[in-house]
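Participant: Those protein sequences? They're chains A and B, same order as listed. Residues in the first sequence are numbered consecutively from 1, following this note's numbering. Residues in the second sequence are numbered consecutively from 266, following this note's numbering.
Just so you know, the hints here were simulated from the structure itself, not pulled from any lab data. Treat each hint with caution, since some may be false.
So these bits of chain B aren't anywhere near chain A, every CB distance computed over 10 Å [claimed, not checked]:
hint, residue
1, 302
2, 395
3, 481
4, 487
5, 568
6, 606
If you want the footprint, here are the derived chain B segments under chain A, 3+ residues with CB under 8 Å [to be verified]:
hint, stretch
7, 314 to 325
8, 490 to 503
The beta-carbon is built from N, C-alpha and C at its ideal position, and this holds for glycine as well.
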Amino acid sequence: MSPPEDAGKPGEPERGLREKWQEYRRPGYYDEFDYAWTMTIDLDRCIGCEACMVACKAENNLAIVGEKAFAQGREMQWIRVERYWEGEYPDVKLRFIPMLCQHCEAAPCETVCPVTATYHNQDGLNVQVYNRCIGTRSCAVYCPYEVRYFNYNDHRWDSPLEQQLNPDVTVREKGVMEKCTFCIQRIRLAKDLAKDDGRRRVRDGEMVPACVQACPAEAMVFGDRKDPASRVAAVMGDARAYRVLDDLNTRPSVIYLKKVVADAR
Amino acid sequence: MRAEGAELTYADVNRDVVRSLVETGPKYYITLGCAVGLTLLCFFFPWFYQLQLGIAAAGMNHPQVWGTYEAGFIFWIGLSHSGTLLSCVLHITRSSWRKAMYRSAEAMTLFSLMVAVTMVMVHLGRPWFIHWAFPYPNQMELWPNFRSPLLFDVTAIATYLTGSSVFIYMGSIPDFAAVRDRTSGWRHNMYTLLSLGWRGTDTEWHRLGWAYTLLAVLIIPLAVSVHSIVSWDWASSIVPALHQTIFAPYFVVGAIYSGTAGIVTVMFLLRKYMGFERYITELHFDNLGRLLLALSLLWTYINVLELFTGWYSGASGEIEALRYKLFGYYAPLYWEMILFCSHRC
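Could you build all of it, start to finish, from the sequences and the hints given here?
Facilitator: Have a look at this one:
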């Protein structure tokens with residue numbers, strides 16, 4: 001988007017503030033996004049190996065808080081694999097649900113932040129601006145999925161671990177909130193490359209977040225649901241598709257697939 | 266006031282009030298020393314430690330990201346609520362017994378509001394950026410989020426703080442003048458400045474009375490709205506047990522209830538240690554006791570209603586939260602509150 005040209009060029013009528021402003025804010029900015037990044041997670045394929053968690057930690061410079069802080073409930077896991085046990089021993093089943101920021105279209109965290117540190121960007125992502133965050137932690141209270149993580153301390157990486165930090169991702173300081181970004185640095189890179197390639201859109205499968213890339217069971221699919229030919233759009237139409245806590249009307253962008261079996265009881 | 270105060274003259278009142286301002290004994294310095302010591306020990310040192318270490322120092326974790334500070338915030342906001350509100354209501358209803366206690370009640374409002382603001386500041390992860398929550402023009406055209414209940418909060422509390430300060434100051438102008446006329450030295454200069462040249466003419470009294478009544482009428486709805494707005498921090502979330510429409514009246518009634526109790530406590534201390542037995546009489550305690558009784562009945566009703574709406578919703582999250590509140594780890598604290606605060610027939 002180009003910034004507005006200076007008003008008062010010779011031969012041009014003086015433009016009002018409203019016109020200038022509208023060039024910044026394209027009409028429909030809040031109604032329609034450029035992309036609608038979506039992830040599907042097939043729970044029937046998930047084996048609970050937690051490779052996604054490790055990949056996320058490495059990609060996004062997640063702090064390793066140590067045993068003590070972990071026990072105190074201050075761990076950093078932008079994606080976590082929740083376990084649900086079904087039935088009684090010995091007839092027992094273990095179910096997994098990888099839980100990450102759902103990038104809700106009607107996100108409760110976005111309404112509550114007093115400084116707009118979390119908002120929806122033009123890609124339909126729920127983004128967190130670390131520099132703007134003042135640490136009220138209200139977004140974490142409002143999030144029904146409990147996927148926002150707060151930096152209770154400054155974190156340290158024991159040498160030589162600090163050398164493996166991803167230079168594309170900010171290292172967060174104490175007092176700010178953080179959460180899954182759908183690997184926004186990769187999305188930005190893919191968009192940049194697509195733009196260099198003659199202003200085309202990002203093609204399906206050109207980029208995936210670290211967790212999707214790492215999943216050995218290929219349970220996760222990532223893509224733009226606005227593209228009807230994309231794989232994620234096809235998977236979304238599956239009869240097994242559901243959204244977590246759908247009744248809250250948060251309209252998540254993460255869609256789970258799970259075969260519902262009739263209760264044996 | 267009429268019964269016991271009949272033999273009091275205006276000169277007596279002035280003398281007693283000025284005495285309370287200028288006479289200081291060892292008791293005063295001991296109290297002041299304790300207060301300063303406590304502030305250093307319990308506020309500044311821990312706060313510096315927390316600034317160094319991060320919010321981890323406050324013992325919060327995931328998902329209990331709001332802890333003691335929020336409870337403290339609600340406590341102090343609640344305490345602040347009765348002072349100015351009660352003073353306004355009693356002024357409008359022309360209750361003359363108000364005169365002995367309204368100044369201390371309003372002062373309590375002001376100071377508890379300041380403590381509440383401190384609580385918010387301490388609670389932030391990065392308190393050095395607290396000014397970002399205020400809508401001030403800046404070259405980056407960054408504004409706060411006007412949809413946020415927390416921003417409503419900032420606005421409401423700032424308004425209430427301003428309103429309460431103006432109200433207490435305006436009511437104090439004749440008193441400042443009275444003290445001005447009976448003191449000397451730096452106190453005289455200070456009170457001269459504060460009394461804005463008050464001479465006590467009929468015109469001045471008339472105008473002050475009008476302005477005071479106008480402010481009182483404005484502040485009553487404000488006081489009710491402020492605590493309603495504070496409750497929206499919780500009620501507009503979708504957290505089970507917090508997402509309830511009863512929260513606004515619940516918070517307002519609870520605030521007036523605790524605030525009135527705060528006034529009674531302050532009145533007791535003033536009467537006992539400042540020797541104001543002739544001014545703060547049993548009549549005041551009796552009247553406030555009746556108010557406390559009415560408020561406790563209302564508070565009890567809302568408490569029962571809160572449990573009922575949670576249970577009646579039938580949502581699993583609500584039932585779970587209800588069960589945790591009534592029988593969970595912190596249930597003893599809940600039952601303690603019910604035991605000591607609700608009215609039992």
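Participant: Please write out, lowest number first, the hints stated earlier that are contradicted by the structure.
Facilitator: 2
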